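Can you build the whole structure from these sequences, using the hints too?
Residue numbers (our numbering): 4 to 217.
To be clear, the hints were calculated from the coordinates, so they are not data collected in a lab. One or more of the hints may lead you astray.
Simulated crosslink set (DMTMM-like; lysine to aspartate or glutamate; CA at most 20 Å straight-line) [claimed, not checked]:
id	residue 1	residue 2
1	K190	D214
2	K121	D58
3	K169	E195
4	K186	D214
5	K85	D59
6	K121	E60
7	K190	E168
8	K190	E179
9	K85	D58
10	K85	E112
11	K165	D191
12	K169	E179
13	K121	E109
14	K148	E76
Simulated restraints on C-beta separations [to be verified]:
id	residue 1	residue 2	range
15	E60	E168	21 to 31 Å
16	Q120	P158	15 to 25 Å
17	V111	C88	19 to 29 Å
18	D58	H155	18 to 28 Å
19	P158	E179	24 to 34 Å
20	V187	P131	20 to 30 Å
21	D191	E60	48 to 58 Å
22	E76	V198	25 to 35 Å
23	H147	E76	17 to 27 Å
24	E60	H155	18 to 28 Å
25	Q120	V199	44 to 54 Å
26	L213	P158	14 to 24 Å
Source: prediction; values computed, not measured. Think of the CB as a built atom: it goes at the ideal place given N, C-alpha and C, for glycine as much as any other residue.
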Amino acid sequence: MTQSISSDTSVETTKNQHLIELVAAEDAANGEVGCGRLASSNFLAYLNNRSINIDDENFRSLLNLHLGDILTERDFDSIISKVSCYIESVVAGTKVPTTSARSQTEIVEHIPTSELQKLLQTLTEFLPNGKEARIIEYIHTIIHKAVLQPRHTWPHPIWVLKSEEKIYITQSATLEEAITQVKVQYKDVSGELEVVKVGGVLAPNQVIALDLNN
Numbered sequence: 004m005t006q007s008i009s010s011d012t013s014v015e016t017t018k019n020q021h022l023i024e025l026v027a028a029e030d031a032a033n034g035e036v037g038c039g040r041l042a043s044s045n046f047l048a049y050l051n052n053r054s055i056n057i058d059d060e061n062f063r064s065l066l067n068l069h070l071g072d073i074l075t076e077r078d079f080d081s082i083i084s085k086v087s088c089y090i091e092s093v094v095a096g097t098k099v100p101t102t103s104a105r106s107q108t109e110i111v112e113h114i115p116t117s118e119l120q121k122l123l124q125t126l127t128e129f130l131p132n133g134k135e136a137r138i139i140e141y142i143h144t145i146i147h148k149a150v151l152q153p154r155h156t157w158p159h160p161i162w163v164l165k166s167e168e169k170i171y172i173t174q175s176a177t178l179e180e181a182i183t184q185v186k187v188q189y190k191d192v193s194g195e196l197e198v199v200k201v202g203g204v205l206a207p208n209q210v211i212a213l214d215l216n217n
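The structure is reproduced here in structure tokens:
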């Protein structure tokens, strides 16, 4: 049994090493000599442990426990996604994303560091020395930014809707709300409203009508 496991591991290592060589060769072919070699020292470890990341369920429970009255599930999804990508970059040994310059004293630790350390315990053996503290700092920063500007407070998108005679511009969370808002403020809307464009920012609850005949 031991011999079989050893053999399987050897085959997997050979495959991963071959993949590293292919990446390096492709970089060289593209004139990016050295790029494939930059992260190769950690790349093999990453391939062997690519399923290792933060425990989403426990992390979400922590977020809900400490911030459930401030943030929503959409905020939690965004935080977990960013932290997971950051950890993946650290494990792979690639360039990790950075946060905006801000002194550590300005960061509010909404979740105690001790609880985050427990959350990261299963990752410790896969992280380079000293990286756990950096990950925790990143988590504190991402959560702090989310609290300052939660996703559910972001401005609604602008909807540009076209009827047979006019173009209407309104700001609403959904298409259905945009159509309702237009019909409430402009009783003479005729025909179906067609979406022309979505995006941008407009003052809340405002509709702008443009006459196509002018």
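Going through the hints against the structure:
1. K190 to D214: holds (15 Å)
2. K121 to D58: OK: K121 and D58 at ~11 Å, within 20 Å.
3. K169 to E195: Holds. K169 to E195 sits at ~11 Å (cutoff 20 Å).
4. K186 to D214: Given that 20 Å is the threshold and the Cα spacing comes to 16 Å, the pair holds.
5. K85 to D59: Answer holds: K85 to D59 is near 12 Å, not above 20 Å.
6. K121 to E60: Since the Cα atoms of K121 and E60 sit roughly 14 Å apart, the hinted pair holds (cutoff 20 Å).
7. K190 to E168: Holds, at roughly 13 Å.
8. K190 to E179: Within the cut-off at roughly 16 Å; holds.
9. K85 to D58: Distance ~13 Å between K85 and D58 Cα, so the pair holds.
10. K85 to E112: holds (17 Å)
11. K165 to D191: holds (13 Å)
12. K169 to E179: holds (18 Å)
13. K121 to E109: Violated: K121 and E109 sit about 24 Å apart, past 20 Å.
14. K148 to E76: Satisfied, since the Cα-Cα distance of roughly 16 Å is no more than 20 Å.
15. E60 to E168: 21 to 31 Å: violated (53 Å)
16. Q120 to P158: 15 to 25 Å: violated (37 Å)
17. V111 to C88: 19 to 29 Å: At roughly 23 Å between Cβ atoms, C88 and V111 fall inside 19 to 29 Å, so the hint holds.
18. D58 to H155: 18 to 28 Å: With a Cβ separation near 25 Å, D58 and H155 satisfy 18 to 28 Å, so the hint holds.
19. P158 to E179: 24 to 34 Å: Violated, at about 18 Å.
20. V187 to P131: 20 to 30 Å: violated (58 Å)
21. D191 to E60: 48 to 58 Å: Given about 53 Å between the Cβ atoms, the range holds.
22. E76 to V198: 25 to 35 Å: 27 Å Cβ-Cβ, so the 25 to 35 Å window holds.
23. H147 to E76: 17 to 27 Å: holds (19 Å)
24. E60 to H155: 18 to 28 Å: Once the Cβ atoms are compared, 22 Å apart, the range 18 to 28 Å for H155 and E60 holds.
25. Q120 to V199: 44 to 54 Å: holds (51 Å)
26. L213 to P158: 14 to 24 Å: holds (21 Å)
The structure is inconsistent with the numbered hints 13, 15, 16, 19, 20, although it conforms to all the rest.
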